[in-house]
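Whole structure, please, built from the sequences with the hints as guidance.
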Amino acid sequence: MTIPDHKQINNKDLSRREALLWIGKVGGSAAMLQAAGLFGLLTTAPAAAQTAPVKLQPLTKGRKSVLILGAGISGLVAAYELGKAGYQCKILEASHRAGGRNFTIRHGDFIDELGNPQFCNFDKDPDLYFNAGPARIPAHHTAILHYCREFAVEMQMFCNYNKNCYTQDDNAFGGKAVRIREYEADTRGFFSELMAKSIQAQAKLDAPFDDIDKQKLIEFCRAYGDLSSDFTYEGSERAGYKSGGILSPGVLKKPRAFADLLQSNFWAGAMHFGEISDQSAALMTPVGGMDKIVDAFLSRLAGKVQLKAQVQKVQLLPQGVEVSYWLDGQLQTEQADYCLNCIPAQLMAGIENNFPADYVGVMRQLQRGKLSKIALQAKERFWEKEQIYSGISWTNQDITQIWYPSHGMFKAKGILLGAYSWDPAISDRFSAMTHKERIATAIAQGAKVHADYGKYIEQGNSICWQRMNHMLGCGAVWTEELQKTSFATLQAPVGRHYMVGDQVSYHPGWQEGAVRSAWYAMESIQQQEQQKQQVAV
Amino acid sequence: MNKWILGCLLFCVSVQAETFHQNAQYCLVCHGSNAQGNDAISAPNLAILPDWYLSAQLQAFQSGWRGHQTKDAYSKEMMAVAQSMSADDVKRAIGFITSFEPIKAVETVAGNASHGKTLFQTCVACHGMAAEGNEAMGAPPLAGQYSWYLIRQLQAYRGGLRGGEDKDARGAVMRQIASTLQHDQDLHDLVAYINTLGPANTQLQAKTVQTTDTKK
Numbered sequence: 075m076t077i078p079d080h081k082q083i084n085n086k087d088l089s090r091r092e093a094l095l096w097i098g099k100v101g102g103s104a105a106m107l108q109a110a111g112l113f114g115l116l117t118t119a120p121a122a123a124q125t126a127p128v129k130l131q132p133l134t135k136g137r138k139s140v141l142i143l144g145a146g147i148s149g150l151v152a153a154y155e156l157g158k159a160g161y162q163c164k165i166l167e168a169s170h171r172a173g174g175r176n177f178t179i180r181h182g183d184f185i186d187e188l189g190n191p192q193f194c195n196f197d198k199d200p201d202l203y204f205n206a207g208p209a210r211i212p213a214h215h216t217a218i219l220h221y222c223r224e225f226a227v228e229m230q231m232f233c234n235y236n237k238n239c240y241t242q243d244d245n246a247f248g249g250k251a252v253r254i255r256e257y258e259a260d261t262r263g264f265f266s267e268l269m270a271k272s273i274q275a276q277a278k279l280d281a282p283f284d285d286i287d288k289q290k291l292i293e294f295c296r297a298y299g300d301l302s303s304d305f306t307y308e309g310s311e312r313a314g315y316k317s318g319g320i321l322s323p324g325v326l327k328k329p330r331a332f333a334d335l336l337q338s339n340f341w342a343g344a345m346h347f348g349e350i351s352d353q354s355a356a357l358m359t360p361v362g363g364m365d366k367i368v369d370a371f372l373s374r375l376a377g378k379v380q381l382k383a384q385v386q387k388v389q390l391l392p393q394g395v396e397v398s399y400w401l402d403g404q405l406q407t408e409q410a411d412y413c414l415n416c417i418p419a420q421l422m423a424g425i426e427n428n429f430p431a432d433y434v435g436v437m438r439q440l441q442r443g444k445l446s447k448i449a450l451q452a453k454e455r456f457w458e459k460e461q462i463y464s465g466i467s468w469t470n471q472d473i474t475q476i477w478y479p480s481h482g483m484f485k486a487k488g489i490l491l492g493a494y495s496w497d498p499a500i501s502d503r504f505s506a507m508t509h510k511e512r513i514a515t516a517i518a519q520g521a522k523v524h525a526d527y528g529k530y531i532e533q534g535n536s537i538c539w540q541r542m543n544h545m546l547g548c549g550a551v552w553t554e555e556l557q558k559t560s561f562a563t564l565q566a567p568v569g570r571h572y573m574v575g576d577q578v579s580y581h582p583g584w585q586e587g588a589v590r591s592a593w594y595a596m597e598s599i600q601q602q603e604q605q606k607q608q609v610a611v
Numbered sequence: 048m049n050k051w052i053l054g055c056l057l058f059c060v061s062v063q064a065e066t067f068h069q070n071a072q073y074c075l076v077c078h079g080s081n082a083q084g085n086d087a088i089s090a091p092n093l094a095i096l097p098d099w100y101l102s103a104q105l106q107a108f109q110s111g112w113r114g115h116q117t118k119d120a121y122s123k124e125m126m127a128v129a130q131s132m133s134a135d136d137v138k139r140a141i142g143f144i145t146s147f148e149p150i151k152a153v154e155t156v157a158g159n160a161s162h163g164k165t166l167f168q169t170c171v172a173c174h175g176m177a178a179e180g181n182e183a184m185g186a187p188p189l190a191g192q193y194s195w196y197l198i199r200q201l202q203a204y205r206g207g208l209r210g211g212e213d214k215d216a217r218g219a220v221m222r223q224i225a226s227t228l229q230h231d232q233d234l235h236d237l238v239a240y241i242n243t244l245g246p247a248n249t250q251l252q253a254k255t256v257q258t259t260d261t262k263k
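Line by line, the protein sequences are chains A and B.
Every letter in the first sequence is one number past the one before it in my numbering, and letter 270, counting from 1, is 344.
Every letter in the second sequence is one number past the one before it in my numbering, and letter 3, counting from 1, is 50.
FYI, nobody ran anything at the bench for these hints, they're computed from the structure.
Small disclaimer: the values here were computed from a predicted structure and weren't measured.
For glycine and all other residues, C-beta sits at the position ideal for the given N, C-alpha and C.
Treat the hints with care, as some may be off.
Covered stretches of chain A (in silico footprint by chain B; criterion: 3 or more residues with CB under 8 Å from a CB of chain B, positions within the stretch not fixed) [stated by the list, open to error]:
1) 181-193
2) 298-305
3) 415-424
4) 438-452
5) 539-546
Example chain B residues on the side facing chain A (calculated, C-beta under 7 Å, incomplete) [said to hold, decoys possible]:
6) 81
7) 85
8) 127
Following this line, the structure appears as C-alpha cells:
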C-alpha cells in the first residue's frame with residue numbers, strides 16, 4: 075500500500091492566483107484528468123485479485139513434516155491449514171508471544187523493544203486495549219476475513235473517516251484545528267464554484283463532450299460542492315450549522331477563504347485518505363482487539379507453537395530442511411520435509427544458511443519498514459464532549475494522526491492512538507527518544523488539536539516497529555525496481571524452503587498479504603507432493 | 048491495596064527477568080546468528096572482536112560516548128540497548144559473543160587496494176600488519192569487518208560523531224588520524240586493502256553455498 079505523502083506535496087504551496095489560473099485552464103477532459111491526478115483521486119488501486127481460499131487435499135499416505143518459522147499470521151495460517159490436511163506441523167517463534175505484528179496490548183503486557191522494554195500500563199479493563207499493529211480490515215481482504223468467518227471471530231465496524239474529527243496544520247488558520255466537515259465542505263464548495271464558472275465560460279468543450287454533457291458537468295459541480303442556483307458557494311449545511319437547525323432555522327457558517335484552505339496541506343493527501351481502497355468505509359475489526367484472530371488460531375494449534383525458540387541456522391537438505399534454534403540456552407536441531415519461513419527477510423539475511431546467493435541477496439536489499447504508534451490512556455472520553463465518536467484527526471506535526479476508539483462509547487476511560495507515523499524520518503525521530511520522551515511529545519503535539527489534552531492523559535505506551543525485538547521493522551520495504559527484478563526470486567521455493575509472510579506479497583504491512591502468501595506457498599507444496607506421487611506411480 | 052501493587056510489581060519484574068535477561072541470544076537478533084553482523088540492518092561483525100574491545104565499546108555506549116549525537120542514528124540504536132543492560136548482562140553478552148568463531152564479513156566495497164596498502168601503513172602501528180588489532184594500543188581488529196561499517200566509522204571519527212568525548216582518549220587518537228583521510232575514495236581504497244587481510248575463516252556465505260546440493 076502506498077500512502078500519499080502529504081508532507082512532501084506540501085512543499086508546493088499554491089498561491090491563490092496560481093490556483094485560480096490552474097483551475098481556470100479547465101477546458102477539456104485532459105485537464106480535468108490531470109487535476110484529478112494531482113488531487114490523488116486516480117491513484118487508488120483496484121481491489122486485489124480474488125482467489126478462493128486454499129483447499130489442501132488430505133495427505134493419503136506417508137507422514138510429512140513441516141517446520142514453520144514465526145508465529146505471525148502467515149505461520150499460523152500455514153500450521154492450521156497444513157495440520158488439517160494431515161501434515162505434522164511445528165511453529166518456532168523467537169518472541170515470548172505469538173501473533174507477530176498482530177499485537178494488541180492490554181494491562182501488564184510486555185512490549186519487547188530493543189533497549190526500551192516496557193509494560194503496558196493501561197488500567198485492567200476489557201475495553202482498554204490498543205492494536206499496536208494492524209487495526210482495521212477492509213471488506214476486500216477476503217482471505218483474512220475468511221478466517222474471521224470460519225472461526226466466528228466477533229467483528230465490529232471500524233471507522234477511519236469521521237467528518238467531526240479535526241485537521242490541524244501549523245501553516246493554516248493560525249495553527250488552529252478545524253473540523254474536517256468544515257474544511258471539506260468549503261474546499262469542495264470553492265473548487266466546484268471555480269470549476270462550474272470556468273466551464274460556463276467556455277463556448278464549447280473539446281470533443282467528446284457535447285452541450286448536454288457540458289450542462290451535466292455544471293450540474294455535477296453544483297451537486298459536488300452544494301452550490302447555490304447561480305453556482306456560487308455560500309456555505310453549506312454540510313459544514314454543520316452555526317446555530318439552529320432543529321427547533322429554529324439552521325444558520326450557515328461563513329465559508330473560510332479558499333486561499334486559507336489551500337495553506338493547509340490537508341488537501342494534498344490526508345483529505346483523500348478515505349478514498350484509498352484499503353482505507354475506505356466500511357472497515358471492520360475484531361471486537362476486543364485484533365489479536366482475537368491470533369487467539370482463534372492458537373486455540374486450534376495446541377502444542378504446535380514453541381515460543382522463545384530463536385532460529386540459529388537453516389540448512390537446505392536434498393530431501394528437506396534442517397533448522398537449528400536456541401531454546402532455554404541450548405541449541406536444538408530438527409529436520410522436516412518442508413520449511414515455511416516468515417522470519418523478517420532483513421533478519422533472515424543474518425541467520426546462517428546455505429541458500430543460493432541470489433536468494434539471500436534479495437533479503438539483504440529489503441529495507442526495514444519504519445512505522446510507529448503511540449497509545450495514550452485518557453481518564454475521560456473528552457472527545458465525546460466534542461461530538462467525536464471514532465475516526466481520525468490529522469495534523470502536520472510528527473504525531474500525524476489521533477485516533478478515537480471505535481468501541482466503548484460513553485465508558486469512563488478510553489485508549490487513544492496519540493501518534494501514528496509511516497514516514498521513516500518521523501519514525502526515526504520517535505525511535506531515538508526514550509519512551510517517556512515519546513509520550514511527552516505525543517501529548518505536547520496533541521494539545522494543538524485538543525485544548526487541555528495533557529490534562530486527560532494518564533499514561534501511554536509506544537511501539538516503534540523498527541526497534542521491536544525479533545522484527546526490526548514493519549512490512550518489508552521493496553523498491554519498485556527490486557519488486558520487478560526480484561519478487562519472484564523470493565516467492566519461489568528453494569528446494570523445500572519457502573519464504574512467506576506479508577513481506578512476500580505486494581501488500582506488505584497487511585494481514586491479507588500474509589494469508590495469501592501462506593496460501594501460495596501451501597499450494598506449491600501440494601503441487602510438489604502430487605508430482606512426487608505421480609512419479610511414484 | 049499496597050499488597051496488590053507490590054504483587055503486581057513483583058510479577059512485572061519476574062516477567063521482565065524471564066523475557067529479557069535470560070535471552071542470551073539477544074545480540075544475535077541484529078548482529079546475525081553467528082555474531083558475524085548483518086548488513087541488511089547495518090549491524091557490524093562482532094565475531095571478529097576480542098572481549099576487551101567489546102567491553103570498551105559497551106561502556107562507551109552506556110556512558111553515551113557513542114550514540115548520544117542526534118545525527119548518529121545507528122549508534123543511537125545500540126546505545127539504547129547498551130543502556131538497558133546490567134553489568135551482569137554485559138558480562139554474559141561478551142562471554143557469549145566471544146564463544147563464536149571469527150567469520151569474515153561479506154565484502155561490499157570496491158577500491159584500489161594497492162593505494163589502500165600505502166594508506167594502511169599509518170594504521171599498522173596500532174592495528175597491526177594484518178589489521179589483527181592490539182589490546183595494548185586499544186586498537187581493535189579491522190580484518191574481516193564489514194567494509195561499509197569501517198567506512199562509516201572513519202566518517203564518524205572524521206565528522207566528530209565519534210572520538211570527541213574528553214574521556215575517550217583512544218577515540219581522540221583515531222579521530223585525529225581519520226581527519227587526515229579527507230577524500231572518500233581514500234576510505235574506499237583503504238578498506239579495499241583491509242578486505243584482503245584475514246581472519247583465516249572464509250566468508251560464511253561463500254562457505255555454505257558450496258555445500259548446497261539443492262537447486263532452485
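Problem - Violating hint indices (sorted, rising) - result: Result: hint 2 breaks, nothing else.
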